[in-house]
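Chains as they are written, first to last, in this note's numbering: chain S, 1 to 289; chain U, 1 to 289; chain L, 1 to 289; chain C, 1 to 289; chain V, 1 to 289.
Check before you lean on any hint, since a few could be wrong.
[Said to hold, decoys possible] The calculated label-pair distances, taken between Cβ atoms and stated as ranges, are: (1) U:ASN171 with S:GLN22: 53 to 59 angstroms; (2) C:LEU120 with V:ARG16: 48 to 54 angstroms; (3) C:LYS73 with S:GLN42: 34 to 40 angstroms; (4) S:ASP168 with V:ARG16: 45 to 51 angstroms; (5) S:LEU56 with U:ARG16: 40 to 46 angstroms; (6) L:ALA97 with C:GLU2: 19 to 25 angstroms; (7) S:VAL259 with V:PHE269: 52 to 58 angstroms.
[What the hints assert, rightly or not] No farther apart than 27 angstroms at their CA atoms in a straight line, the calculated lysine-lysine pairs in the DSSO-like style are these: (8) S:LYS230 with U:LYS230; (9) S:LYS230 with V:LYS284; (10) S:LYS254 with L:LYS254; (11) U:LYS284 with L:LYS230; (12) V:LYS254 with V:LYS230; (13) C:LYS73 with C:LYS96; (14) L:LYS254 with V:LYS254; (15) S:LYS254 with S:LYS284; (16) C:LYS284 with L:LYS284; (17) V:LYS230 with L:LYS230; (18) V:LYS254 with S:LYS254; (19) C:LYS230 with V:LYS254.
If you are wondering where the hints come from, they were derived from the structure by calculation, not from laboratory data.
For every residue, glycine included, the Cβ atom is placed at its ideal position computed from N, Cα and C.
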Amino acid sequence: MEWHKISDPNSPELDRLAERYQLHPLHIEDCRHRNQNAKIEQNPGYVFTVMKGVRLDDSGDLLTADLDIFLGKDFVITVLEDDCPEMQALIELVEKASNGESRPDQVYYRIMDHMVDTYLPVLDHYDEVIDGLEDQALSAPTPETLAGVFDTKRNLIVMRRVLVNTRDVANHLQRTDSPFIQSDMWPFLRDVYDHVARNLDTVEMLRDLLTGALDVYLSSVANRTNQVMKVLTVMGTVALPAVVVSSIYGMNVKGLPGVESPYALAVVFGTMAVATGGLLWALKRFDWW
Amino acid sequence: MEWHKISDPNSPELDRLAERYQLHPLHIEDCRHRNQNAKIEQNPGYVFTVMKGVRLDDSGDLLTADLDIFLGKDFVITVLEDDCPEMQALIELVEKASNGESRPDQVYYRIMDHMVDTYLPVLDHYDEVIDGLEDQALSAPTPETLAGVFDTKRNLIVMRRVLVNTRDVANHLQRTDSPFIQSDMWPFLRDVYDHVARNLDTVEMLRDLLTGALDVYLSSVANRTNQVMKVLTVMGTVALPAVVVSSIYGMNVKGLPGVESPYALAVVFGTMAVATGGLLWALKRFDWW
Amino acid sequence: MEWHKISDPNSPELDRLAERYQLHPLHIEDCRHRNQNAKIEQNPGYVFTVMKGVRLDDSGDLLTADLDIFLGKDFVITVLEDDCPEMQALIELVEKASNGESRPDQVYYRIMDHMVDTYLPVLDHYDEVIDGLEDQALSAPTPETLAGVFDTKRNLIVMRRVLVNTRDVANHLQRTDSPFIQSDMWPFLRDVYDHVARNLDTVEMLRDLLTGALDVYLSSVANRTNQVMKVLTVMGTVALPAVVVSSIYGMNVKGLPGVESPYALAVVFGTMAVATGGLLWALKRFDWW
Amino acid sequence: MEWHKISDPNSPELDRLAERYQLHPLHIEDCRHRNQNAKIEQNPGYVFTVMKGVRLDDSGDLLTADLDIFLGKDFVITVLEDDCPEMQALIELVEKASNGESRPDQVYYRIMDHMVDTYLPVLDHYDEVIDGLEDQALSAPTPETLAGVFDTKRNLIVMRRVLVNTRDVANHLQRTDSPFIQSDMWPFLRDVYDHVARNLDTVEMLRDLLTGALDVYLSSVANRTNQVMKVLTVMGTVALPAVVVSSIYGMNVKGLPGVESPYALAVVFGTMAVATGGLLWALKRFDWW
Amino acid sequence: MEWHKISDPNSPELDRLAERYQLHPLHIEDCRHRNQNAKIEQNPGYVFTVMKGVRLDDSGDLLTADLDIFLGKDFVITVLEDDCPEMQALIELVEKASNGESRPDQVYYRIMDHMVDTYLPVLDHYDEVIDGLEDQALSAPTPETLAGVFDTKRNLIVMRRVLVNTRDVANHLQRTDSPFIQSDMWPFLRDVYDHVARNLDTVEMLRDLLTGALDVYLSSVANRTNQVMKVLTVMGTVALPAVVVSSIYGMNVKGLPGVESPYALAVVFGTMAVATGGLLWALKRFDWW
């Protein structure tokens with residue numbers, strides 16, 4: 001078995017291999033124009049697969065990287081993006097792991113397996129992020145929460161696209177009887193499919209929770225506004241009778257009841273207290289706090 | 001028939017059985033890495049099934065436990081999680097019930113049937129929880145209601161995943177002609193499928209109601225805020241004319257009408273009463289309380 | 001043809017029939033454990049069908065009742081719930097209608113047809129209820145409207161489940177070539193299928209309208225709050241200048257402009273009127289009422 | 001070819017034809033019980049089709065009318081609703097257009113084509129209505145807008161049902177090899193199918209836009225309330241310092257600073273202006289207007 | 001190979017070609033009635049395809065243009081809209097590119113490929129627009145944001161329709177074994193299909209993000225209203241004690257505590273400060289700002 005590891009898709013090496021193994025021009029073009037979707041295409045002489053690895057950058061945004069594989073009867077060609085140390089490390093890991101194995105389909109499976117293993121930590125990260133957003137939405141909703149929901153949504157959309165396409169690849173591998181993959185690899189490929197399907201399931205769950213977080217945000221803000229309104233109203237309730245009564249007794253009009261009496265002040269404050277108390281009792285009665 | 005009951009998936013006993021019955025390494029791995037999805041896989045010598053039991057912890061959260069079954073021509077192997085008394089009890093129950101029966105497929109069906117029976121009480125619990133949340137959303141919406149909606153949503157998502165996968169298992173059993181299951185068990189397996197499908201139906205209904213509860217929460221809070229605003233406005237309506245009129249008569253300006261007259265007070269209070277009454281009548285007229 | 005009418009599913013009569021016609025134990029269990037979903041199961045000697053009738057109780061809630069039918073070559077067995085006069089009446093109606101007919105499949109069709117006829121009045125009732133809820137949501141949204149939306153939603157979910165399952169039964173009957181149903185009954189069974197499909201269509205429409213009613217409720221309350229806020233602001237606009245100006249002229253400070261002049265009052269009231277008018281004009285200009 | 005035009009479905013003429021051409025009793029019943037869904041049913045001797053025409057009444061509500069067609073080897077029977085001049089006109093139009101043609105399938109196609117042509121103007125009408133509702137929701141949301149959204153929603157639901165069923169009819173015609181339709185009519189029937197599918201597409205788009213209009217309504221009202229609140233707060237900001245300061249200087253308490261000074265008034269007004277300016281500056285700084 | 005380029009669909013040239021190549025009248029009609037959906041129809045002598053190109057006008061609205069192609073054994077007929085320089089340019093580009101190629105299917109592929117290339121820049125534009133709308137919704141929600149969301153929604157609906165239909169065309173080409181397309185073109189047609197499918201994926205993602213932007217708008221406005229309410233309440237909190245206390249001391253009533261004392265003023269201001277401080281502390285304590 002020959003394993004051609006190409007780490008610069010623009011190198012002439014790839015053209016040489018294309019000629020030697022009769023690789024289709026469209027596939028070479030796919031290798032060189034990055035940011036393809038994950039896909040698999042079966043040709044007479046080989047199987048061409050685009051796989052997507054994912055990782056998080058420092059700010060929690062999702063980055064994806066392509067890895068292209070040509071799997072033939074007796075050769076494997078892997079084409080990396082030239083500036084991605086993660087993919088480079090993954091290839092080295094596979095190389096070490098596939099130590100004594102010489103079959104192309106075993107190498108192919110191992111690469112795929114390692115690729116798929118990059119998905120779970122990312123999903124776990126977003127699960128935690130959404131947990132945090134939920135808590136914020138409930139206890140302290142701010143515009144930052146909203147921005148967080150939106151960013152996570154965008155990232156999950158990207159993640160979902162990667163997973164849907166990878167699942168289709170895995171499904172194709174599992175269902176189609178390819179001449180390049182021996183039957184003892186089938187359970188392992190089915191296992192890869194199960195992993196991806198489970199991940200996709202998780203993404204759908206996360207999206208569902210995210211939508212819920214937005215609803216909770218809105219409900220939570222509405223509830224807070226309601227609380228604020230009530231405080232405002234109660235404050236008004238307490239203050240208004242005092243203001244009205246004292247304004248009345250502040251008029252330069254003769255004959256205000258009790259003004260001359262020594263109990264004037266008691267009468268006035270009593271009126272205020274009764275009015276305020278009555279209003280508070282009425283609010284209580286109509287059961288809104 | 002031999003029934004191997006393994007309650008510690010890490011015991012060497014499992015390795016011995018794997019060798020004896022030629023169990024696939026991936027299936028042994030599934031037994032040892034818990035928290036698999038429910039699934040069924042047919043191998044030449046046996047059928048491997050992962051089943052999920054559910055129960056509620058004290059705070060109403062959903063817990064799941066795996067039970068792995070290998071069903072062969074003349075053997076059954078059950079692998080439990082080692083710290084789950086519920087699954088242990090279930091196995092004992094099945095053992096007692098399958099008293100005089102010696103066929104592996106009968107044991108297999110009984111375990112499945114008991115497993116599926118753990119789902120209904122959990123769903124009934126959530127039905128009640130949602131009922132309570134609805135009532136709260138209508139009569140006293142608080143942030144706790146929102147948190148409750150969210151928790152229930154998360155639990156139903158887990159429950160749904162268990163049920164979807166279990167339905168697929170039951171569907172597979174019902175449609176595929178397995179050499180390890182005799183035809184007189186078919187109606188019973190179809191019955192299991194019907195149970196699970198009905199449960200899944202219920203979960204979808206509960207999710208639908210939960211979404212509705214959130215909408216009702218939002219609508220209910222909005223309505224309450226509206227009520228509070230109206231109270232505030234009516235209070236303002238009653239107080240403002242009194243404040244305005246008495247402020248005016250409090251001015252140190254000469255020539256306020258009627259100030260010198262003995263009916264001054266009556267005039268002033270009359271003006272206040274008319275203005276307040278007029279405003280209330282106007283609000284009434286525009287029909288908003 | 002023999003028609004066995006069993007009105008108490010727990011009677012030993014049913015056990016006798018089970019033995020005579022070799023009815024499957026699971027089907028007998030289904031007859032005795034009520035609240036099954038509508039379903040159809042074909043056995044070598046007979047077709048077993050669970051059908052669901054619906055009716056409204058006095059408070060407009062949906063009640064369902066099971067009716068189980070065994071249809072064989074030369075027999076029909078109907079098993080009723082023992083406390084349901086509606087189903088009893090339906091059976092009597094069918095008995096009268098199928099006067100001269102002696103074929104089991106004709107009786108079977110007639111029962112099904114009458115059963116399906118119980119659905120339309122219920123749907124018409126909910127259509128009216130939703131119409132009323134819409135009107136309330138638009139003109140006078142109260143918490144009762146919300147509770148009504150929620151109750152109707154729950155009932156429609158139940159109704160939908162009955163209809164989906166009944167449609168599957170009708171579809172099965174229409175597509176499968178059963179030995180117990182003669183070909184001249186096919187157009188009639190297709191007619192039943194069409195009825196149920198149309199009813200299901202109606203349920204989906206009602207659910208759609210119900211969701212819309214909730215959206216309208218929320219929008220309508222938001223609009224009302226907006227109106228209330230505007231009234232509050234306009235009232236503030238009218239009152240504030242008067243309060244501010246008269247407070248200023250109420251100060252015990254010397255030198256307020258015009259206080260000594262005979263036109264003091266006119267100046268003061270003029271200032272108030274101009275300020276109020278200016279504010280109202282500004283609000284008008286910014287076009288928000 | 002014989003074309004029987006029946007404009008009163010209750011006329012005995014229809015019974016005579018039923019006998020002569022062996023029309024199925026269920027189809028005759030369908031003709032007589034109006035308000036069927038569009039459908040097609042193939043019988044040994046003929047094809048029975050229910051078609052739905054639509055039009056708008058003066059208030060913009062959707063009206064539907066049935067037209068039933070029996071298409072046989074050498075006959076066409078059309079059954080109209082007896083009080084629908086539009087359908088009458090349509091039949092006359094077809095009669096004129098199919099001047100020299102004598103084949104039943106050509107007449108059948110022409111009727112269908114004319115029927116389908118009644119859909120587009122209705123959809124165009126609703127497109128305009130929704131455009132208007134959107135504009136209202138953005139610039140002047142009132143309860144009438146909400147009522148308009150709801151009415152349009154109901155009408156589109158009806159329209160959608162007509163189109164879905166008609167598409168199924170057209171699809172059936174296009175796929176099934178009917179003995180009553182010659183192959184040169186196939187492209188024309190496919191054309192009808194395309195028309196209906198395009199219309200259905202438009203209905204889905206309109207429904208989508210309508211849902212959006214409701215969201216915009218809610219957002220727009222929320223935004224307006226926010227504006228009103230800000231105006232209220234700014235007004236409060238301007239007035240409160242003046243009220244507080246002048247109330248303080250209105251107290252009958254000795255020793256208020258500067259009261260005796262000739263600059264008292266300047267001091268007081270200066271304090272008011274500074275306090276108001278400070279508050280406005282603070283609001284500005286926190287960037288909320 | 002003959003390539004007939006018709007740039008005015010109403011020219012008699014098209015009629016001549018219709019006669020010569022036996023083009024179906026319905027297809028000629030499709031060429032002349034513009035604004036068809038993208039579609040493909042296979043006839044005995046040729047394949048008829050309607051393709052849709054898109055571009056943005058100056059205000060960012062989406063414009064579509066039809067291009068009709070008849071592909072036969074040895075001819076290609078392209079029919080342009082007569083007032084569309086973009087399509088004209090596209091045809092010229094294809095002509096130049098297909099310099100030395102003489103096969104009709106190659107020309108056909110090239111036109112399709114160039115057509116599909118017009119979609120991506122449009123989608124990128126809307127991606128940026130939605131990014132901007134999101135930012136506006138978060139930081140400065142105005143009615144213009146809402147109008148922008150709605151306009152983009154309408155445009156994406158149109159874009160989606162174009163893409164769905166084009167995907168169906170590409171899918172048909174890829175699956176059907178047409179006598180007019182040689183097998184070496186198949187990978188290229190599959191590539192076109194992949195492009196369109198990826199674009200459609202992007203449209204769905206954009207629609208999803210747009211819905212999210214509306215939710216964020218609503219949440220953001222609700223949050224802002226909440227902030228405004230809090231400011232209003234805090235301002236009330238600060239002012240009310242001062243107003244109440246100074247109103248009370250402004251009353252013309254004898255016996256107000258401390259009025260005669262030289263510390264009167266200190267007492268009064270102290271009371272105001274304590275009351276205001278107490279209220280602010282209470283609000284803080286209940287944790288709402």
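Here is how each hint holds up against the structure:
One distance hint, 53 to 59 angstroms for the beta-carbon pair ASN171 of chain U and GLN22 of chain S, is violated here, with the actual separation near 44 angstroms. Separated by about 32 angstroms at the C-beta atoms, LEU120 of chain C and ARG16 of chain V break the suggested range of 48 to 54 angstroms. Judged by the Cβ atoms, the range 34 to 40 angstroms given for LYS73 of chain C and GLN42 of chain S is violated: they are separated by roughly 51 angstroms. Judged by the Cβ atoms, the range 45 to 51 angstroms given for ASP168 of chain S and ARG16 of chain V holds: they are separated by roughly 48 angstroms.
Range check, LEU56 of chain S to ARG16 of chain U: about 43 angstroms between beta-carbon atoms, so the 40 to 46 angstroms window is met. For ALA97 of chain L and GLU2 of chain C, the Cβ-Cβ distance of about 37 angstroms falls outside the hinted range of 19 to 25 angstroms, so the restraint is violated. Here the CB-CB span from VAL259 of chain S to PHE269 of chain V is close to 26 angstroms, at odds with the stated 52 to 58 angstroms. Our distance criterion of 27 angstroms between C-alpha atoms is met by LYS230 of chain S and LYS230 of chain U, whose separation comes to about 11 angstroms.
Straight-line distance between C-alpha atoms of LYS230 of chain S and LYS284 of chain V comes to about 15 angstroms, which keeps the hinted pair within the 27 angstroms bound. At roughly 23 angstroms between alpha-carbon atoms, LYS254 of chain S and LYS254 of chain L fall within 27 angstroms of each other, so this suggested pair holds. Between the alpha carbons of LYS284 of chain U and LYS230 of chain L the distance comes to roughly 15 angstroms, so the proposed pair stays at or under 27 angstroms and holds. For the given pair, LYS254 of chain V sits about 38 angstroms from LYS230 of chain V by alpha-carbon distance, which is inconsistent with the 27 angstroms threshold.
Straight-line distance between C-alpha atoms of LYS73 of chain C and LYS96 of chain C comes to about 22 angstroms, which keeps the hinted pair within the 27 angstroms bound. Distance check on the hinted pair: LYS254 of chain L and LYS254 of chain V sit about 23 angstroms apart at the alpha-carbon level, within 27 angstroms; holds. Proximity of LYS254 of chain S to LYS284 of chain S is assessed by CA-CA distance (about 37 angstroms); at most 27 angstroms being required, the pair is judged violated. Annotation: proposed proximity of LYS284 of chain C to LYS284 of chain L holds, straight-line Cα distance about 23 angstroms (limit 27 angstroms).
With a C-alpha separation of about 18 angstroms, the suggested pair LYS230 of chain V and LYS230 of chain L falls inside the 27 angstroms cut-off, and the hint holds. Of the supplied pair hints, the one linking LYS254 of chain V and LYS254 of chain S holds, its CA atoms being roughly 14 angstroms apart against a limit of 27 angstroms. The hinted pair formed by LYS230 of chain C and LYS254 of chain V fails the criterion: a straight-line CA distance of about 41 angstroms is larger than 27 angstroms.
Consistency note: the structure conflicts with the earlier hints numbered 1, 2, 3, 6, 7, 12, 15 and 19.
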